[in-house]
Amino acid sequence: MQIQSVQVHTMHIPDGFINAPTSAVAGVIAVIGIAICLNGARKQLDEKTAPLAGLVAVFIFAMQMLNFPVALGTSGHLLGGALAAILIGPYAGALAVSVVILVQGLLFADGGLSALGLNIINMGLVTAVVGWFVFRGLVKVIGVSRPKVMAAAFLAGLVSVPVSSLAFVLEYAIGGTGTVPVSTVTVAMVGVHILIGIGEGVITALTVGAVFLVRPDLVYGVHDRLPKQLLVTSNPVTTSANGS
Amino acid sequence: MSKKGLWVLVGVGLVVSLFLAGFVSFYANSEPDGLVKVAEDQGFLATAQDSANATLPTADYGIAGVDSERLSGGLAGVLGVVVIAVIGFGLFWLLGRSKKATAEKQGVDQESA
Chain A
757 MQIQSVQVHT
767 MHIPDGFINA
777 PTSAVAGVIA
787 VIGIAICLNG
797 ARKQLDEKTA
807 PLAGLVAVFI
817 FAMQMLNFPV
827 ALGTSGHLLG
837 GALAAILIGP
847 YAGALAVSVV
857 ILVQGLLFAD
867 GGLSALGLNI
877 INMGLVTAVV
887 GWFVFRGLVK
897 VIGVSRPKVM
907 AAAFLAGLVS
917 VPVSSLAFVL
927 EYAIGGTGTV
937 PVSTVTVAMV
947 GVHILIGIGE
957 GVITALTVGA
967 VFLVRPDLVY
977 GVHDRLPKQL
987 LVTSNPVTTS
997 ANGS
Chain B
4 MSKKGLWVLV
14 GVGLVVSLFL
24 AGFVSFYANS
34 EPDGLVKVAE
44 DQGFLATAQD
54 SANATLPTAD
64 YGIAGVDSER
74 LSGGLAGVLG
84 VVVIAVIGFG
94 LFWLLGRSKK
104 ATAEKQGVDQ
114 ESA
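Line by line, the protein sequences are chains A and B.
Using the numbering used here, read the first sequence as starting at 757 and increasing by one per residue.
Using the numbering used here, read the second sequence as starting at 4 and increasing by one per residue.
Hints listed in this document are in silico derivations from the structure and should not be mistaken for laboratory results.
Hints may contain errors.
[Claimed, not checked] In silico EDC-like pairs for lysine to aspartate or glutamate, Cα to Cα no more than 20 angstroms straight-line:
{"hint": "1", "chain 1": "A", "residue 1": "904", "chain 2": "A", "residue 2": "973"}
{"hint": "2", "chain 1": "A", "residue 1": "896", "chain 2": "A", "residue 2": "980"}
{"hint": "3", "chain 1": "A", "residue 1": "904", "chain 2": "A", "residue 2": "803"}
{"hint": "4", "chain 1": "A", "residue 1": "799", "chain 2": "A", "residue 2": "973"}
{"hint": "5", "chain 1": "A", "residue 1": "984", "chain 2": "A", "residue 2": "973"}
{"hint": "6", "chain 1": "B", "residue 1": "7", "chain 2": "A", "residue 2": "771"}
{"hint": "7", "chain 1": "A", "residue 1": "904", "chain 2": "A", "residue 2": "771"}
{"hint": "8", "chain 1": "B", "residue 1": "7", "chain 2": "A", "residue 2": "973"}
{"hint": "9", "chain 1": "B", "residue 1": "7", "chain 2": "A", "residue 2": "802"}
Predicted model, so just to flag it, every value in this text is computed and none were measured.
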C-alpha cells in the first residue's frame, strides 16, 4: 500500500480493487476479445499497414508515460484505443493497446497481474470499439478533409475515456472490494475522465492529423472514404514525383 | 513505390517515441492519475495491493540500482519502447503476412493487390 509514495507515472487498476472472481471472469472476456481481434486484424492488416500497427503500439506506450495535469492534484494520460482504432482499424487497434498493457503489467508492475483482464477490457477493447464507432459515424456524416478528420478524431478520443471509466464502474459494481457506494464512484470517475478525455481528444486529433497530412491513405478509418484528389498519393505512377 | 514513405513515417515515429519515453517522460505530471485520485478521494485506495511483480528491478518505470531518477526512468522508457517494438512489429508482421499468404493460396485472381 505504498502506492502514493512512488512517483506515479501511470497507474492502471491494481490488484485488490476488484475481487478475484470478477477479475477472473474479466480475464476470460479479455482473452476472448483478443482472440476476436487477432482474427479480425488478420483480415484487415496487410504488409502496408502492419509496420504502422507496430509503431502505433510503441507510440501509445511512450505517450502513456506522459501524464498531463487535468485538475488540482490530478493527472491523466492517453489511453490510446481511439487513436489506434482510427489509424489501424479497431481489431489491430485493440491489440496494440493490449500489447502495451501486458508489457506495462508484466515488466513495469503497472496495474495488477490479476487485473490484467480488467485493464485490457477498459483501456484496450472498450476504447477501441467506442473510438472506432464514434469516428466512423462522424466521418460518414461530415465527410473527409483534414479539419473534419481531426474534429472526428477529437470527439472519438474525448468520448472513449469516460466510457472506459464507466467500464471500471461496472466492474466495481460487480466485484469492487471497497465500501464506497457505486453512485459516488460513478460521479467521481466520469467527472474526472471527461477532463482527461479532452486531453485524449487533443492528442488523438493532432496525431491523426499529422498522419493524414503526410499519408492520408494510411489512416485506416478513412481509407475507403478518401476524396479522389487525396488518393493520388497512393497511386504508384505518381508517387515517384511525390518525394515522400 | 509508396512503401518508402511508410518506412520514413515509421522511422520518424520510432525516434519520436524513444525521445518521449526516454527523455520527456521525466517531465510528466507526477500527480495521481484519474483512477488513483478517485480511489484516494472516495476512500477505496487502501484496497489496492502491490502487484505480485512489484519487486521486479524494472517495477514502476525505473531500473533498480540506477540512482539518478532521470536516468532510471529514461532507461525504463527506452526498454519499454524496445520490448513493445519487438512484440508489436513481430505480432503485426505475422498477422499481415498471413493475409498475404491466404490471398496467394486462393489464387492469382487479384493482380492489383
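For residue 7 (chain B) and residue 771 (chain A), compute the direct alpha-carbon distance and say whether it is at most 20 angstroms. violated (45 angstroms)
With the threshold set at 20 angstroms, check whether the alpha-carbon distance from residue 904 (chain A) to residue 803 (chain A) stays at or below it. violated (28 angstroms)
Tell me if the straight-line CA distance from residue 904 (chain A) to residue 973 (chain A) falls inside 20 angstroms. holds (15 angstroms)
Given the hint that residue 7 (chain B) pairs with residue 802 (chain A), does the C-alpha gap stay at or below 20 angstroms? holds (16 angstroms)
Under the criterion that the straight-line Cα-Cα distance not exceed 20 angstroms, is the pair residue 896 (chain A), residue 980 (chain A) satisfied? OK: residue 896 (chain A) and residue 980 (chain A) at ~11 angstroms, within 20 angstroms.
Would the hint linking residue 7 (chain B) and residue 973 (chain A) be met if the CA-CA limit is 20 angstroms? holds (14 angstroms)
Distance restraint between residue 984 (chain A) and residue 973 (chain A), which requires alpha-carbon spacing of 20 angstroms or less: Satisfied, since the Cα-Cα distance of roughly 11 angstroms is no more than 20 angstroms.
Between the alpha carbons of residue 904 (chain A) and residue 771 (chain A), is the straight-line distance 20 angstroms or under? At roughly 41 angstroms apart (the allowed maximum being 20 angstroms), residue 771 (chain A) and residue 904 (chain A) break the hint.
Please work out if residue 799 (chain A) and residue 973 (chain A) have their alpha carbons no farther apart than 20 angstroms. holds (18 angstroms)
Violated hints, in rising order: 3, 6 and 7; the structure is consistent with all others.
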